[in-house]
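Number of protein chains: 2
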Amino acid sequence: MSTTLHWGIIGPGRIAHKFADALAYCDHNQLVAVASRSQQNADAFASRWQLAHAYDDEAALLANPQVQAVYIATPHNYHYPAAMRALKAGKHVLIEKPACVNAAQFARLCELAEQHDCMLMEAVWSRFLPYVAQAKQWLADKRIGEVQSIQSSIGIAFEHGPEHRINNKALAGGAMLDLGVYALSLSQFMLGQSHTAIQALGKLSADGVDESVMATVQYSGGQLAQFATSIVSQQQNALHVYGSEGTITLEPRFWSGSQVSLQRGDDIQTLTLPWAHNGFEYQIEDMARCILVGKRQSDVVPHRDTLAVLTQMDEVRRQIGLYYGDEFEKV
Amino acid sequence: MSTTLHWGIIGPGRIAHKFADALAYCDHNQLVAVASRSQQNADAFASRWQLAHAYDDEAALLANPQVQAVYIATPHNYHYPAAMRALKAGKHVLIEKPACVNAAQFARLCELAEQHDCMLMEAVWSRFLPYVAQAKQWLADKRIGEVQSIQSSIGIAFEHGPEHRINNKALAGGAMLDLGVYALSLSQFMLGQSHTAIQALGKLSADGVDESVMATVQYSGGQLAQFATSIVSQQQNALHVYGSEGTITLEPRFWSGSQVSLQRGDDIQTLTLPWAHNGFEYQIEDMARCILVGKRQSDVVPHRDTLAVLTQMDEVRRQIGLYYGDEFEKV
Chain A
15 MSTTLHWGII
25 GPGRIAHKFA
35 DALAYCDHNQ
45 LVAVASRSQQ
55 NADAFASRWQ
65 LAHAYDDEAA
75 LLANPQVQAV
85 YIATPHNYHY
95 PAAMRALKAG
105 KHVLIEKPAC
115 VNAAQFARLC
125 ELAEQHDCML
135 MEAVWSRFLP
145 YVAQAKQWLA
155 DKRIGEVQSI
165 QSSIGIAFEH
175 GPEHRINNKA
185 LAGGAMLDLG
195 VYALSLSQFM
205 LGQSHTAIQA
215 LGKLSADGVD
225 ESVMATVQYS
235 GGQLAQFATS
245 IVSQQQNALH
255 VYGSEGTITL
265 EPRFWSGSQV
275 SLQRGDDIQT
285 LTLPWAHNGF
295 EYQIEDMARC
305 ILVGKRQSDV
315 VPHRDTLAVL
325 TQMDEVRRQI
335 GLYYGDEFEK
345 V
Chain B
15 MSTTLHWGII
25 GPGRIAHKFA
35 DALAYCDHNQ
45 LVAVASRSQQ
55 NADAFASRWQ
65 LAHAYDDEAA
75 LLANPQVQAV
85 YIATPHNYHY
95 PAAMRALKAG
105 KHVLIEKPAC
115 VNAAQFARLC
125 ELAEQHDCML
135 MEAVWSRFLP
145 YVAQAKQWLA
155 DKRIGEVQSI
165 QSSIGIAFEH
175 GPEHRINNKA
185 LAGGAMLDLG
195 VYALSLSQFM
205 LGQSHTAIQA
215 LGKLSADGVD
225 ESVMATVQYS
235 GGQLAQFATS
245 IVSQQQNALH
255 VYGSEGTITL
265 EPRFWSGSQV
275 SLQRGDDIQT
285 LTLPWAHNGF
295 EYQIEDMARC
305 ILVGKRQSDV
315 VPHRDTLAVL
325 TQMDEVRRQI
335 GLYYGDEFEK
345 V
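Keeping their order, the protein sequence lines are chains A and B.
Start counting at 1 in the first sequence, then tack on 14, and there's your number in this note's numbering.
Start counting at 1 in the second sequence, then tack on 14, and there's your number in this note's numbering.
Simulated from the structure, these hints should not be mistaken for lab results.
Hints should not be assumed to be uniformly reliable.
As the list makes no split between identical chains, a pair holds if one copy fits it or if it spans any two.
Calculated pairs, DSS-like style, for lysine-lysine (alpha carbon to alpha carbon, straight line, at most 27 angstroms) [claimed, not checked]:
hint: 1; residue 1: Lys217; residue 2: Lys32
hint: 2; residue 1: Lys150; residue 2: Lys217
hint: 3; residue 1: Lys344; residue 2: Lys32
hint: 4; residue 1: Lys150; residue 2: Lys183
hint: 5; residue 1: Lys217; residue 2: Lys102
hint: 6; residue 1: Lys156; residue 2: Lys217
hint: 7; residue 1: Lys32; residue 2: Lys183
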């Protein structure tokens, strides 16, 4: 392959701009095409980022042989069909989180990725951030002894109307898929184990999405991870890893911060580890590196972790009575 | 009645000394007797607090007509039989938390209290503290809008050996009854509602007690309260009440602190409201006031709240597989 990876973006919304900004920062990566359902939106995005190709049709982008990798940045319910088509077209795929609406969809994508010899990764950008890497290193070094449990919250009092994606059941909205996924994915990342039990209680909004959820996951080593998530209240948004000899805390905004602290008794060490650019650059560089050396999944966001988190979210949704409907959950 | 309430203490351990210290601070309350299983311990306690009566037998204390009210400060499993005998002897009873090992026991004590026209209260001293009263006032004033949820943790890395009360199943040890009770009782106090669902996951120690528990309670208004508790890891030990317009936080050590904060957007107001003495004085004064005016339960710790919390703990223990045995759970 060329030493420069050529990217296309499907879904030129807010998150796509952030991705394009990060990609422009990364050597050996180039954004060349965008597809939207609206030619006007595609043109505006292409103009902003100086792209050669702007399509009002995802198929046209996938038919462009110059595009090697695709970043899918649509609302959640479009991730699966878009990723499926991209893999069938032989493109490497990075999907914004959550990778799919449910675990069965992602399992099918894993099959397709293997069949078509494509890299497939969920864009859990937080896992790559320097302060999260520092927390992982402290855990590996047993600086807090044996890990006992994790407690976190991720709640934002959005004031969007019912038509907004986050409140819209027809766009697979709600707290779990948008916010709770970070708590589950980072807990999974810290513990590196399979789950053995899940419990969830939640409250659905008048619009039918989960506005508040509290859940606990038990892992195979007996560790517990508990989190709260909400789209109607501002929460602490910290993540604490409690060990037998201390605590590691990521805060504020544990999923997109730069600060991590290690507490042992009364001694607290706090490190601020900023991002190189806007934080998305690390996942882009990891994806490109994997492709370059012929890997088809990332060690940082392996398929099994994405599957585990989606399986956990499926069970949380089952327990709180949230099903998005056959149209969006089909495989 | 005399305007001075005369007290006896059963179980002269560490907590009894704290209680005696607070009682000495309170006008219109006087400690006159102590009972222990050991005459030596009773004598030492009586000498320290200049008490007229020191017994090696609880029955002797209960037979003393001068004793009007009894504070039960034994290990948990002795609360119920001691309180039962005290009520039958016509004494007003304040029982260290948890009031009993299970809800059925406390329901029986409520019957006895009514039959014998005695005041009965669980010593949930935290509910009376000034900073908790401030939090309740902010809630009543809707300063954080509609309450959505509560998240708390109460974990202390004890380093006691297996023989210590906290690790000893034969003394009804473990995290829930000793620590988790505060999270449940203060959540109940903040929300003032009945529960509709409870979920718990936990890990039992080699000694058979709960060393870590994570649980969520759903209340009748849809609110959720989630907590973590542990006797093997130091936790954050904060309690956050999340509302639609802000957050109220009790920290550090939400059950025995003096600091409370109100956050609305970026605006944070923090108040430090110290105790008059050691914090136990408020429950003593409330008990004496209730008795003076002929009340038989406290508005701050009503029987229904103690029953609710014990019912929640029964369900938590059932889900994590912790039963102390017929000897201690019998009614």
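- Query: Which of the listed hints are broken here?
  - Reply: Hint check: 1, 3, 4 and 5 fail, others pass.
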